[in-house]
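Using the sequences and the hints given, assemble the complete structure.
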Amino acid sequence: MITIDMRRMLRWGMTAGGVMTFTAAVGMLEAFEDRLLIYPVLSLGYLLLLWFVPVAGYQSSNVAVLEGMEAPPRGLHNVIAGAVTGLVGGVVLALFAIVINAFDLRDVFVPFSLKLVGLLTYGLGVPEGLPYAVLAPAALGLVGGLMHLLPASVRRRVILAVEWVVVVALLEQVFSQILRQIRLEVVADRVFTLKALEWWAALAVAALVAAVAERTRGGFGRMRERLFAGDPRQRTRNSAWMAVLVLVFLIIIPQLLGSLLSEVLANVGLFLLMGLGLNIVVGLAGMLDLGYVAFFAVGAYTVGVLTSPLSPRFTLEWSWWAALPVAILTSALAGLLVGTPVIRMRGDYLAIVTLGFGEIVRILFLSDWLSTTFGGAQGVQNIPGIPLGFTEVSGVGPEGVLYFALFFVLLAAWISWSLQESRIGRAWTALREDETVAAAMGINIVRAKLNAFIVGAILAGFAGALFAAKLGSVFPSSFELLVSIIILVVVIVGGMGNIPGVAVGAVVLIGVLGGPNLPGLLAEFAEFKLLIYGALLVFMMLRKPEGLVPSVRRSRELHADELTQDAWLDKSGTLAEAPGGGRGAG
Amino acid sequence: MVMLDIHNLHKSFGGVEALAGVNLHIAQGEIVSVIGPNGAGKTSFFNVVTGFYPPDSGEILFEGESIVGLESSRITEAGIARTFQNVRLFLNMTVLENVMVAQHCRTRAGAFHAILRTPFLRREEAEIRARAEEILSFFGTRLVGYRFDQPALSLSYANRRRLEIARAMASEPKLLLLDEPVAGMNPRETAELTGLIRKLRDERGFTVVIIEHDMRVVRDVSDRVIVLDHGVKIAEGSYDEVSSDEAVIEAYLGRPAEVG
Amino acid sequence: MTSAAATRLPRRRRPGWVDSFLLAVRIAAIVLLIWGIAGTVVKGINGEGPTGEAWRDLVVAGIAQGAMYGLIALGYSMVYGVLGFINFAHGEVFMSGGMVGFFVANYLWDIRFWDTNFVLSILLVLASSILASTLVAVIVERVAYRPLRDAPRLIPLITSIGISFFLQYTFAGLFGVAVKNYPPPPDYLRARIGFLDLEIEGTKLAVIVVAVVTMVALYLFVEKTRTGRSIRAVAEDKEIAALMGINVDRTIVATFAVGGAMAGVAGTLWALLFRGVSFITGFLPGIKAFTAAVLGGIGNLGGAMAGGVLLGLFEGVGPQLVLAGFGIPGVSQLKDVVAFTALVLVLIFKPSGLFGERLAAEDRA
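Chains as they are written, first to last, in our numbering: chain H, 197 to 782; chain X, 105 to 364; chain A, 5 to 369.
Derived from the structure by calculation, the hints contain no laboratory data. All of these numbers come straight from a predicted model, not from anything done at the bench. Check each hint, because a few of them may be wrong.
[To be verified] Derived DMTMM-like pairs (lysine to aspartate or glutamate); straight-line CA-CA distance at most 20 Å:
{"no.": "1", "chain 1": "X", "residue 1": "K278", "chain 2": "X", "residue 2": "D318"}
{"no.": "2", "chain 1": "H", "residue 1": "K311", "chain 2": "H", "residue 2": "D300"}
{"no.": "3", "chain 1": "A", "residue 1": "K339", "chain 2": "H", "residue 2": "E676"}
{"no.": "4", "chain 1": "H", "residue 1": "K740", "chain 2": "H", "residue 2": "E720"}
{"no.": "5", "chain 1": "A", "residue 1": "K339", "chain 2": "H", "residue 2": "D564"}
{"no.": "6", "chain 1": "A", "residue 1": "K184", "chain 2": "H", "residue 2": "D303"}
{"no.": "7", "chain 1": "A", "residue 1": "K184", "chain 2": "H", "residue 2": "E723"}
{"no.": "8", "chain 1": "X", "residue 1": "K303", "chain 2": "X", "residue 2": "E340"}
In structure tokens:
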């Protein structure tokens with residue numbers, strides 16, 4: 197009856213060992229060992245090293261239960277499977293420690309130092325510490341296996357509690373800043389020691405989350421139903437109230453966060469603005485634009501050249517407000533010029549050609565040839581801020597930039613939403629689904645695609661104009677290909693084709709991890725930022741291509757098989773009562 | 105009055121002549137069936153008329169004006185709409201959206217109206233929706249009500265075929281080209297759809313050309329039958345005339361073995 | 005009768021404004037090209053600009069670098085032919101070969117084997133480079149691309165962008181971010197060698213020879229072996245190939261392995277040409293090589309190689325030949341602009357490449 201699947205355990209164990217070895221080998225363990233999360237027991241380094249082991253321990257005996265099937269009995273075998281998985285992983289890690297201890301490989305592998313051996317063996321050195329190196333993962337695997345024995349609701353609470361403790365500890369900066377801003381320095385000083393959560397505070401957070409967890413479960417869905425069901429007039433009124441609430445929240449937030457965090461949030465706003473634009477091009481119209489940064493650059497350079505007193509060629513010294521329409525115009529024009537030759541191309545050719553255009557634009561701005569206008573590598577300096585009559589918005593006061601960015605983000609969100617909900621948006625969706633048929637239904641493909649390209653370019657131009665005023669200078673290295681890629685990751689991780697999704701993506705990635713050359717809240721991740729971006733992109737594509745906050749349509753598309761099956765099995769239309777809810781066992 | 109007039113239409117794909125000089129005309133208010141054995145060039149005929157491929161040579165006059173070489177969206181705008189042999193719906197869009205999107209070329213609100221949510225846009229959107237609902241009600245209760253907001257991929261096969269016809273109707277064509285509308289349907293569904301095709305002409309005023317293999321449907325709906333084989337028209341006339349035509353029988357059954 | 009005569013004329017799509025725009029781009033491109041070359045020629049007559057020998061060096065350098073692009077391009081072309089997506093991470097496959105090769109070369113230098121026995125050394129480096137690239141290519145296929153076999157085509161492309169960054173920064177983490185310089189090749193290779201009537205730098209000649217030999221080997225492999233035939237069959241139609249008893253999964257792995265091996269050879273050639281490798285070495289050559297593959301017609305192996313050489317020439321000679329004719333300063337900064345412009349123009353003029361695409365039916369859309 198109950199069989200222990202040895203191969204499965206071995207596979208998960210090797211995977212866990214691989215993940216641990218990888219984390220140690222690329223230097224993450226060593227780099228983050230100083231950053232404590234829970235004082236004095238857990239550092240970020242060890243969290244990154246070991247987090248996967250309990251997951252593997254749980255998965256190694258996890259059987260997917262289909263609807264109508266009886267769940268297999270849970271028991272000791274789950275625990276054993278977890279422990280064995282952890283043990284296998286631990287053995288792999290111990291072998292790794294032995295190897296780097298025995299051979300001096302530092303000339304080749306930079307992080308393979310004796311310090312790493314020390315960390316892997318918990319400071320005890322090779323023969324003495326090896327049992328711990330094996331047993332710690334085994335214990336964690338066992339914990340993972342134990343999770344099977346908990347009733348589902350308890351399990352959910354435990355997982356949620358652990359997640360929240362990690363989040364609070366990681367985002368110490370935010371929480372202590374907010375506490376300070378509302379004059380609770382005393383609490384902040386008590387709860388956080390050396391940027392880490394005190395162990396008792398961690399327990400308290402866990403207890404609190406576990407207690408509250410069950411109550412809020414499904415709360416959002418219920419709230420949304422209550423707010424947005426019912427007759428249209430009621431719905432409009434509720435939406436208006438929601439909008440007011442959100443607005444008030446957004447106005448208060450910079451006051452709560454102080455200038456450092458406002459700076460981070462302003463960057464989030466900037467990237468969100470671009471993300472919304474790229475979302476139209478990629479998410480709605482289905483064109484993978486890898487040179488999106490070009491329009492951002494065009495917007496920024498237009499404002500720089502027109503407003504700066506140090507502009508190499510012109511000395512117009514226009515106000516930002518006068519330069520903005522020109523920036524929009526030039527970026528729209530760039531959208532038209534780049535868009536026209538590429539719209540007839542196959543999807544993947546389009547991706548590479550737009551990438552090429554992005555690079556061409558950057559190299560031209562960098563070149564000696566055009567340096568008499570754009571300043572070459574030095575770029576354009578001394579760009580003034582945005583005059584507002586009573587004050588001036590510039591990088592010196594990030595709160596002002598944040599308000600400004602928020603304003604433009606709301607504007608951009610409104611533009612994308614209203615286009616999406618019109619015949620233009622429907623045309624985009626149709627041509628993403630099937631271009632030939634869309635044309636046969638009377639949609640002018642060329643025009644629809646160019647529309648998307650130009651709207652996207654304009655939003656990026658906006659972001660560029662704001663960026664120039666915020667930074668006070670523009671130079672080519674701000675517009676590398678990486679920026680395009682990171683915006684793409686923001687859109688994809690958040691959820692293509694979905695405005696709230698893009699917002700979540702921008703906050704999580706740009707805000708927490710940081711953008712290109714822009715530190716996020718976890719500034720310590722800097723050197724591994726792109727490693728994590730890459731891994732995240734792959735993970736999302738393999739496991740959750742519809743993103744963190746999927747649009748209904750996108751998840752339909754990506755889980756079409758499951759849904760079709762459901763529809764065949766159940767023609768009576770239970771799915772109709774829960775539209776989009778039939779995601780199956782995704 | 106002649107609606108579609110085709111002269112000497114040629115189209116070949118890599119040496120294979122799909123259309124080898126087709127001459128035919130469709131009059132306004134007719135229901136015409138195009139039949140012929142597999143590979144006779146029926147679907148190629150539709151594809152060339154709707155602008156999927158430009159013809160190699162020949163003339164296509166729609167209401168007296170040449171539509172050769174136009175983009176297929178322009179041809180739809182001119183008033184020709186079609187369905188596909190292998191049903192091609194926008195599967196992830198809802199039933200209603202599928203029909204709404206096909207009204208694209210009959211509506212005008214641009215980005216300006218959309219962003220400012222002008223009264224013009226609101227009125228037009230309401231009209232688009234109302235029209236879509238009205239068109240879907242043409243098929244009885246099958247595609248209405250809760251079905252409006254279901255994704256097209258949740259529909260059964262027969263309903264997908266119906267939705268495709270509804271989508272074609274929504275672009276307000278004068279001429280409807282239906283490619284094997286009853287393929288894969290059971291006899292009851294077939295009979296029902298046969299009736300609907302007549303209603304398309306009688307109640308809605310469309311001129312209809314269908315490609316069909318089901319000879320009962322062809323007999324029941326067509327005013328006139330055109331037979332294609334190897335890219336040329338081999339016969340034309342009423343169902344009875346055509347069904348007793350020797351060339352047609354030969355095309356379908358093959359030449360009888362010659363003796364001696 | 006006149007109307008009948010008129011309708012016999014072959015018909016094409018009626019041009020819209022996009023067509024007019026593209027036509028304008030074509031004309032502008034040709035005019036600018038001729039104008040620039042004319043400018044350079046006039047300069048040459050006046051005794052300005054590069055000398056004849058300098059031109060020859062530019063051409064040879066272009067061909068050598070192009071041969072390397074060509075080898076990388078083969079990997080893009082084969083994967084695109086078989087799976088129909090751009091393996092953006094292929095540049096990193098190339099980089100991993102060069103990187104691993106460096107450590108072997110460095111070790112051989114340390115034990116003084118490199119000086120005394122250069123040919124054997126470079127063969128060892130080549131072997132390790134091929135091994136590393138092949139391994140990386142196969143692992144990436146297994147972990148990231150196989151689960152996405154039936155996904156919409158942009159999904160594996162996006163995945164490969166993720167893989168690309170992941171590999172870059174994994175290498176940065178493992179081996180450090182510093183540029184690693186290969187030990188210098190022996191003097192006789194660095195000297196100029198008489199070849200036919202030309203004097204060619206030895207390393208460049210070696211690069212060209214290795215590329216040609218590799219290409220011939222690949223040609224024989226694809227045309228004459230069982231695996232090669234399977235690859236061609238799978239590229240033509242996966243389902244039918246499977247029905248014919250070809251193991252599609254294994255064939256796809258073979259495709260990645262062969263593409264990886266070619267990239268590994270290119271990694272060593274890079275070392276001969278430029279000596280320095282770092283974790284971002286693969287990125288730009290990767291994109292250039294993809295350009296080369298498109299230039300030659302994707303899926304077409306001979307085309308990929310020819311496209312590589314052409315792109316190398318455009319890049320090597322183009323800035324001096326065309327841009328300098330306009331009196332633009334600092335033209336060598338603009339060689340990437342020339343390469344990308346070549347890509348854009350090829351896709352406008354002839355989207356199926358100069359030598360024709362060979363793709364499975366479902367990818368031709």
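Which of the listed hints are broken here?
-> Violated: hints 1, 4 and 8.
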